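J.: With the hints as extra help, turn the sequences into a complete structure.
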Amino acid sequence: MVAEAMKEALEDTPNLSIKDIDNHVCSYFSDHFEQQLAFSWIPNDYLGLAPKPVFRVENGGAGPGTAIRTAWALVASGLSDICLVSGFEKQGEVSSAKANEFIALASDTDFDFPVGGYYTGYYAAMEARHMYLYGETEEDLAMIAVKNRNYSLDNPYAQWPLECGGKRITVDDVLSSRLIAWPLKVLDCCLLSEGASVIVLASQKYAKKITDTPIWITGVGLGSDMMRPGDRPDNPGFHGMFPAEARTYPKHAMKPREPYPEMTNFGACKVAARTAYKMAGIKNPLKQVDIVEIHDAYDSSELQTYEDLDFCRRGQGKTLIREGQTYVDGDIPVNVSGGLEGFGHPVGSTAIGQTVELFWQMRQEIGKKHKSDATQVKGAEVGLNHSHAGTGTAISVMIMKR
Amino acid sequence: MSEMEPDKIIKEKKPDSKWSDWGRLGKWNVVGYKIIEGNKGPRSDKLQRARYMLVNRPWDVMYEHSYGLVSRFFEALMEKKLVGTKCPKCGDVFCPPRAHCWRNKCKLAETEWIEMPMHGILHCFTVLGFAGEAFLSDLPFILAYVRVEGANTLIAGRLVGMNPEDVECDMKVNIKFVEHPSGNPMDIYFVPEGPPLNRRSAEEKARMRAQLEPIRAWVKEKFKK
Numbered sequence: 001m002v003a004e005a006m007k008e009a010l011e012d013t014p015n016l017s018i019k020d021i022d023n024h025v026c027s028y029f030s031d032h033f034e035q036q037l038a039f040s041w042i043p044n045d046y047l048g049l050a051p052k053p054v055f056r057v058e059n060g061g062a063g064p065g066t067a068i069r070t071a072w073a074l075v076a077s078g079l080s081d082i083c084l085v086s087g088f089e090k091q092g093e094v095s096s097a098k099a100n101e102f103i104a105l106a107s108d109t110d111f112d113f114p115v116g117g118y119y120t121g122y123y124a125a126m127e128a129r130h131m132y133l134y135g136e137t138e139e140d141l142a143m144i145a146v147k148n149r150n151y152s153l154d155n156p157y158a159q160w161p162l163e164c165g166g167k168r169i170t171v172d173d174v175l176s177s178r179l180i181a182w183p184l185k186v187l188d189c190c191l192l193s194e195g196a197s198v199i200v201l202a203s204q205k206y207a208k209k210i211t212d213t214p215i216w217i218t219g220v221g222l223g224s225d226m227m228r229p230g231d232r233p234d235n236p237g238f239h240g241m242f243p244a245e246a247r248t249y250p251k252h253a254m255k256p257r258e259p260y261p262e263m264t265n266f267g268a269c270k271v272a273a274r275t276a277y278k279m280a281g282i283k284n285p286l287k288q289v290d291i292v293e294i295h296d297a298y299d300s301s302e303l304q305t306y307e308d309l310d311f312c313r314r315g316q317g318k319t320l321i322r323e324g325q326t327y328v329d330g331d332i333p334v335n336v337s338g339g340l341e342g343f344g345h346p347v348g349s350t351a352i353g354q355t356v357e358l359f360w361q362m363r364q365e366i367g368k369k370h371k372s373d374a375t376q377v378k379g380a381e382v383g384l385n386h387s388h389a390g391t392g393t394a395i396s397v398m399i400m401k402r
Numbered sequence: 001m002s003e004m005e006p007d008k009i010i011k012e013k014k015p016d017s018k019w020s021d022w023g024r025l026g027k028w029n030v031v032g033y034k035i036i037e038g039n040k041g042p043r044s045d046k047l048q049r050a051r052y053m054l055v056n057r058p059w060d061v062m063y064e065h066s067y068g069l070v071s072r073f074f075e076a077l078m079e080k081k082l083v084g085t086k087c088p089k090c091g092d093v094f095c096p097p098r099a100h101c102w103r104n105k106c107k108l109a110e111t112e113w114i115e116m117p118m119h120g121i122l123h124c125f126t127v128l129g130f131a132g133e134a135f136l137s138d139l140p141f142i143l144a145y146v147r148v149e150g151a152n153t154l155i156a157g158r159l160v161g162m163n164p165e166d167v168e169c170d171m172k173v174n175i176k177f178v179e180h181p182s183g184n185p186m187d188i189y190f191v192p193e194g195p196p197l198n199r200r201s202a203e204e205k206a207r208m209r210a211q212l213e214p215i216r217a218w219v220k221e222k223f224k225k
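Respectively, the protein sequence lines represent chains A and B.
1 is the number of the first residue of the first sequence in this note's numbering; add one for each residue after it.
1 is the number of the first residue of the second sequence in this note's numbering; add one for each residue after it.
Don't take each hint at face value.
Chain A residues, not near chain B, derived (Cβ > 10 Å throughout) [claimed, not checked]:
#	residue
1	Asp20
2	Phe39
3	Asp45
4	Ala50
5	Met126
6	Ile169
7	Arg178
8	Gln204
9	Thr213
10	Tyr249
11	Lys251
12	Glu323
13	Val328
14	Lys378
15	Val382
Dumping the calculated DMTMM-like pairs for lysine to aspartate or glutamate here, alpha-carbon to alpha-carbon at most 20 Å [unchecked claim]:
#	chain 1	residue 1	chain 2	residue 2
16	B	Lys46	A	Glu365
17	A	Lys368	B	Glu133
18	A	Lys209	A	Asp12
19	B	Lys205	A	Glu139
20	B	Lys14	B	Glu75
21	B	Lys40	A	Glu93
22	B	Lys40	A	Glu4
23	B	Lys40	A	Glu11
24	B	Lys46	A	Asp373
25	A	Lys98	B	Glu133
26	B	Lys46	A	Glu11
27	A	Lys255	B	Glu149
28	B	Lys46	A	Asp12
29	A	Lys167	B	Asp45
30	A	Lys378	A	Asp329
What follows is a list of derived Cβ distance ranges for each label pair [claimed, not checked]:
#	chain 1	residue 1	chain 2	residue 2	range
31	A	Ser96	B	Val178	25 to 35 Å
32	A	Ser96	B	Arg51	24 to 34 Å
33	B	Trp19	A	Gly92	28 to 38 Å
34	B	Ser71	A	Gln364	54 to 64 Å
35	B	Val178	A	Ile18	55 to 65 Å
36	B	Arg51	A	Lys371	47 to 57 Å
37	A	Arg247	B	Lys46	46 to 56 Å
No lab work stands behind these hints, which were simulated from the structure alone.
Predicted model only: the values in this text are computed from it and were never measured.
Here a beta-carbon is modelled for each residue, glycine too, at the ideal position from N, C-alpha and C.
T.: Quick look at the structure:
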């Protein structure tokens with residue numbers, strides 16, 4: 001899978017040669033799915049990269065975003081001129097129930113997992129509280145699932161079209177799909193996937209030798225939060241950091257000691273976004289960012305993430321989707337690749353694959369790469385990639401510019 | 001400096017002998033296979049066919065896991081007591097417990113054990129219609145995060161004794177013990193303290209009930225319950 005992605009990168013970039021790559025950062029999530037430790041060594045030698053330095057970056061679901069940030073740091077520091085970032089995952093070797101159990105091993109296995117917890121359950125509990133505070137409905141969430149899944153129908157790299165037979169879905173399809181963890185139904189959730197992707201990062205000097213149309217990384221950020229979501233409502237770590245978000249806590253609910261992010265939002269995302277925005281000189285992301293790829297492991301987390309990325313105020317995520325602002329022709333198109341619900345979620349590859357989609361978008365190549373240019377955001381200059389782990393335990397944000 | 005003493009067993013319940021072959025049975029042998037013709041290629045519009053061999057390999061492990069410095073919490077569960085920890089410097093209370101305080105200025109102060117009250121507030125919840133393999137036969141069940149009174153952390157567990165459509169955030173719950181605790185967070189469960197708050201509309205309740213019907217049927221069929 002990694003070799004197929006690399007082959008396409010080489011075909012698209014005639015001036016790039018594997019022998020010029022001097023470092024390799026590899027991302028995969030689980031040692032359990034493939035029963036292979038130190039798996040980054042396999043694609044490294046398979047691609048013919050040995051004896052170049054290789055290592056794995058692992059940070060849960062934010063592994064791929066963290067890998068890109070690590071590679072960026074290698075290049076920015078001068079340790080590498082041309083660095084390969086690869087990512088892959090194979091989740092299909094075990095049943096869905098076992099796969100969910102494997103993924104749940106990234107949650108607390110002493111307290112949260114043994115009572116029957118797993119990620120959809122944790123996210124559902126967080127969304128149930130977000131709904132209770134801010135009043136979005138199951139229909140609002142379903143609109144996001146419909147948006148992402150239907151956009152994926154035009155993407156030949158996406159998984160959902162194969163599963164649904166290319167048929168568009170409606171809000172009613174989502175609402176009537178099987179309950180997984182209230183309020184989330186199966187169509188509110190991402191896919192279990194197999195897949196791989198690669199990107200190549202190069203210093204300014206080398207980038208121009210490789211391509212006439214490079215895309216520049218102008219900001220990177222990474223944040224973290226408590227591993228157990230139950231440790232967040234009173235966590236002193238966020239004290240006083242985001243007073244505006246804390247003030248939006250509605251009066252009808254019992255207010256915890258730290259009203260933001262508590263169990264309804266992702267503080268790690270806010271930290272990552274503010275860091276990346278500052279580095280990239282972005283003051284108003286809604287106006288200054290043209291296209292976004294979010295880690296929509298659940299449509300609920302896409303809605304919550306709108307708020308944590310400062311696209312709107314806390315509690316206004318529902319307004320953004322109701323007004324259609326995150327559609328391809330909206331103010332800030334989100335997940336027009338299909339996202340994790342449509343494109344797929346091969347965890348270690350996810351944010352790298354989404355970066356590839358942003359790269360094509362910003363080079364105006366969607367018409368060439370997809371079945372049509374229906375999801376091409378015309379003139380996209382600034383892109384945002386978001387990579388997310390745990391219950392929001394580690395989150396990266398990256399800003400790219402044409 | 002005294003010499004390190006070997007570990008001393010204070011109390012032990014050996015696993016049933018049925019578990020003793022656990023590691024040996026799943027020994028990574030090929031116990032089945034399939035040869036298939038499948039797809040190859042990254043784009044769904046340009047797929048080629050290819051032949052693959054798939055093998056079935058069982059693999060499993062028996063762990064001996066230490067609860068470390070919060071062992072007392074689990075030992076207390078076996079005595080049907082709910083305990084937590086308290087930072088002697090800032091007074092924050094942890095249930096689930098932390099052996100060291102989380103506050104930077106307390107510089108990882110060691111916490112002290114305290115007994116916790118058997119009631120609290122349900123912070124948030126979900127009704128599970130799918131789960132990890134080990135829990136499928138329990139479906140559907142209510143998973144809740146509860147703030148035990150006085151605690152600064154929330155504990156996860158099951159809520160029983162209430163229809164899922166009546167469960168709401170911020171409601172009061174009591175904490176109960178199972179009859180035979182085993183040193184597992186499942187030894188405690190939550191029950192509502194009073195009648196439903198009834199903030200959810202009749203329409204919303206009906207929708208939740210309808211979502212759960214097929215789950216109950218699926219579990220009944222799959223596990224012949």
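J.: Hint by hint, note whether the structure agrees.
T.: The hints, checked one at a time:
1. Asp20: Fine: 23 Å to the nearest Cβ keeps A:Asp20 off the interface.
2. Phe39: holds (16 Å)
3. Asp45: It holds; A:Asp45 is separated from chain B by about 21 Å at its closest Cβ, greater than 10 Å.
4. Ala50: About 24 Å separates A:Ala50 from the closest Cβ of chain B, which puts it past 10 Å; holds.
5. Met126: violated (7 Å)
6. Ile169: holds (17 Å)
7. Arg178: At roughly 7 Å from the nearest Cβ of chain B, A:Arg178 sits no farther out than 10 Å, so the non-interface label is violated.
8. Gln204: holds (30 Å)
9. Thr213: At about 22 Å from chain B, A:Thr213 clears the 10 Å cut-off, so the statement holds.
10. Tyr249: holds (13 Å)
11. Lys251: holds (12 Å)
12. Glu323: Given that every Cβ of chain B is farther than 10 Å from that of A:Glu323, nearest at about 24 Å, it holds.
13. Val328: Holds, since 20 Å exceeds 10 Å.
14. Lys378: Since the minimum Cβ distance to chain B is about 23 Å, A:Lys378 lies beyond 10 Å and the statement holds.
15. Val382: holds (27 Å)
16. B:Lys46 - A:Glu365: holds (18 Å)
17. A:Lys368 - B:Glu133: It is violated: about 42 Å lies between the C-alpha atoms, which goes past 20 Å.
18. A:Lys209 - A:Asp12: holds (14 Å)
19. B:Lys205 - A:Glu139: With a Cα-Cα distance of about 15 Å, the restraint between B:Lys205 and A:Glu139 holds, given a limit of 20 Å.
20. B:Lys14 - B:Glu75: holds (16 Å)
21. B:Lys40 - A:Glu93: With a Cα-Cα distance of about 17 Å, the restraint between B:Lys40 and A:Glu93 holds, given a limit of 20 Å.
22. B:Lys40 - A:Glu4: Holds, at about 10 Å.
23. B:Lys40 - A:Glu11: holds (18 Å)
24. B:Lys46 - A:Asp373: holds (18 Å)
25. A:Lys98 - B:Glu133: holds (5 Å)
26. B:Lys46 - A:Glu11: Answer holds: B:Lys46 to A:Glu11 is near 16 Å, not above 20 Å.
27. A:Lys255 - B:Glu149: holds (14 Å)
28. B:Lys46 - A:Asp12: holds (17 Å)
29. A:Lys167 - B:Asp45: Holds: A:Lys167 and B:Asp45 sit about 15 Å apart, inside 20 Å.
30. A:Lys378 - A:Asp329: Given pair A:Lys378, A:Asp329 holds - Cα atoms ~9 Å apart, limit 20 Å.
31. A:Ser96 - B:Val178: 25 to 35 Å: Given range 25 to 35 Å: holds, Cβ gap about 29 Å.
32. A:Ser96 - B:Arg51: 24 to 34 Å: holds (26 Å)
33. B:Trp19 - A:Gly92: 28 to 38 Å: Because 29 Å falls inside the window, the suggested range holds.
34. B:Ser71 - A:Gln364: 54 to 64 Å: Roughly 60 Å apart at Cβ, these two residues keep to the hinted range, so it holds.
35. B:Val178 - A:Ile18: 55 to 65 Å: This hint holds: roughly 59 Å between Cβ atoms.
36. B:Arg51 - A:Lys371: 47 to 57 Å: violated (28 Å)
37. A:Arg247 - B:Lys46: 46 to 56 Å: holds (53 Å)
Of the numbered hints listed earlier, those contradicted by the structure are 5, 7, 17 and 36.
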